[in-house]
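Following the hints, complete the assembly by docking chain B onto the known chain A.
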Amino acid sequence: MNFKLLGALGLAVVLAACSDESNKGASTGAGATAQETGAAPGSEADLVANVGDRVFYDLARNTLSSDAQATLDKQAAWLARYPQVSVQIAGNCDDRGTEEYNIALGQRRANAARDYLVAKGVAPSRISTISFGKDRPTADGDDEQAWAQNRNAITSVK
Amino acid sequence: MTPRFNPVRDQIAFMSYANNRPRVYTFDLGSGSQRMLGEFNGISFAPRFSPNGGQVVLSATRGGGSDIFVIDLGSGAKRQITSSGAIDTSPCFSPDGSQIVFNSDRGGSPQLYMMSASGGGARRISFGNGSYGSPVWSPRGDLIAFTRLAGGRFSLGVMGPDGTGERILTEGFTVESPTFCPNGRVIAFCRQSASGAGGAGFSSGIGTIDITGFHERPIRTETGASDPAWSPLQG
Numbered sequence: 002m003n004f005k006l007l008g009a010l011g012l013a014v015v016l017a018a019c020s021d022e023s024n025k026g027a028s029t030g031a032g033a034t035a036q037e038t039g040a041a042p043g044s045e046a047d048l049v050a051n052v053g054d055r056v057f058y059d060l061a062r063n064t065l066s067s068d069a070q071a072t073l074d075k076q077a078a079w080l081a082r083y084p085q086v087s088v089q090i091a092g093n094c095d096d097r098g099t100e101e102y103n104i105a106l107g108q109r110r111a112n113a114a115r116d117y118l119v120a121k122g123v124a125p126s127r128i129s130t131i132s133f134g135k136d137r138p139t140a141d142g143d144d145e146q147a148w149a150q151n152r153n154a155i156t157s158v159k
Numbered sequence: 022m023t024p025r026f027n028p029v030r031d032q033i034a035f036m037s038y039a040n041n042r043p044r045v046y047t048f049d050l051g052s053g054s055q056r057m058l059g060e061f062n063g064i065s066f067a068p069r070f071s072p073n074g075g076q077v078v079l080s081a082t083r084g085g086g087s088d089i090f091v092i093d094l095g096s097g098a099k100r101q102i103t104s105s106g107a108i109d110t111s112p113c114f115s116p117d118g119s120q121i122v123f124n125s126d127r128g129g130s131p132q133l134y135m136m137s138a139s140g141g142g143a144r145r146i147s148f149g150n151g152s153y154g155s156p157v158w159s160p161r162g163d164l165i166a167f168t169r170l171a172g173g174r175f176s177l178g179v180m181g182p183d184g185t186g187e188r189i190l191t192e193g194f195t196v197e198s199p200t201f202c203p204n205g206r207v208i209a210f211c212r213q214s215a216s217g218a219g220g221a222g223f224s225s226g227i228g229t230i231d232i233t234g235f236h237e238r239p240i241r242t243e244t245g246a247s248d249p250a251w252s253p254l255q256g
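Residue numbers (my numbering), protein chains in the order written: chain A, 2 to 159; chain B, 22 to 256.
Some hints here could point you the wrong way.
Said to hold, decoys possible - To give an idea of the chain B side of the interface with chain A (calculated C-beta under 10 angstroms), a few residues:
1. PHE148
2. SER198
3. ALA218
4. THR233
5. PHE235
To be verified - Output of the computed footprint for chain A on chain B, the stretches with three or more beta carbons under 8 angstroms from beta carbons of chain A:
6. 58-72
7. 76-84
8. 123-134
9. 189-197
Honestly, the hints are just simulated from the structure, not real lab data. We treat Cβ as the ideally placed atom computed from N, Cα and C, and that holds for glycine.
Next comes chain A alone, as it looks inside the complex (with noise of 0.2 angstroms):
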């Protein structure tokens, strides 16, 4: 976990964000192949390198793109092809919103998402979702192209 509760003496603070745990798997995304890549089939390794685990939203909304319907299609059909892998969505925000709204934000993001795999027949059951707010993001830096990286909800095999 990021966050440590520290001592209030006066002012109770928590530990700002690091982001040691950003930039696994970024970038693959909708663009991913379906070559076999030598990851075990219906693995975390799978679903990154042959499906694409994210899709990627507008500033501040939770619209899916005709991009992130095409990803959420593949791993529609790859979650069909291993009906034992269940999966959690993160919806995660870019850091132009306040902590608390962003925690929502995240969680519209990973619910579309959700609801998205469901209507295409994914049970519900199979799918858990989280919000990590703006304090998750997957690429550095404070531009337009990382706010871009950091809107997204990300699939992940549990």
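Same frame as chain A, now just chain B:
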């Protein structure tokens, strides 16, 4: 995250990602006992105590939004006071306990709203450029401190509870999470800088500023810090 002091008891409320299940907890500083507050299917977050310390107002995600609830700490009873379907969060009681200011995107963008503590009659009070968030009521009752976002930059300001007299006190890449000192004259807040490649140049710290907009100062902490909460006066 987001620790908040109970105004009358040695207790804080906060949100934790323990067990991959983000929820609000209370923690008794004397006994060290901790408990999850209420049962929610979604994420519970953004807790703040009522002025008498007997209740916590918080929000919980549902569908595409989040609702605001008041939980009685004695009985555990949970009362839902918003159900807009939008994101309603960052609720904060007025010092007399009769009203709640909160953040909502029910009108499209995140703005500040005021409602009665029982939940009725929400009306928007923020009308400047951009979006608003993290409203907090001054202990004196005369001001709401808030975060405003416009043009990709944050500013921190105050306005009257009816939305009039808005003044920006300071601004920056990120300035948020205002919290008043007990006499209402100084606000502590979090200031963060932008990060470059590899996270270079990022810093997160606590500062204070007078409600006049003068005397801004950093508060030194051993590590980076965010989410300040100013304690009540000790008896």
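**Request:** Could you tell me which of the numbered hints above are not met by this structure, giving the numbers in increasing order?
**Result:** 1, 4, 5
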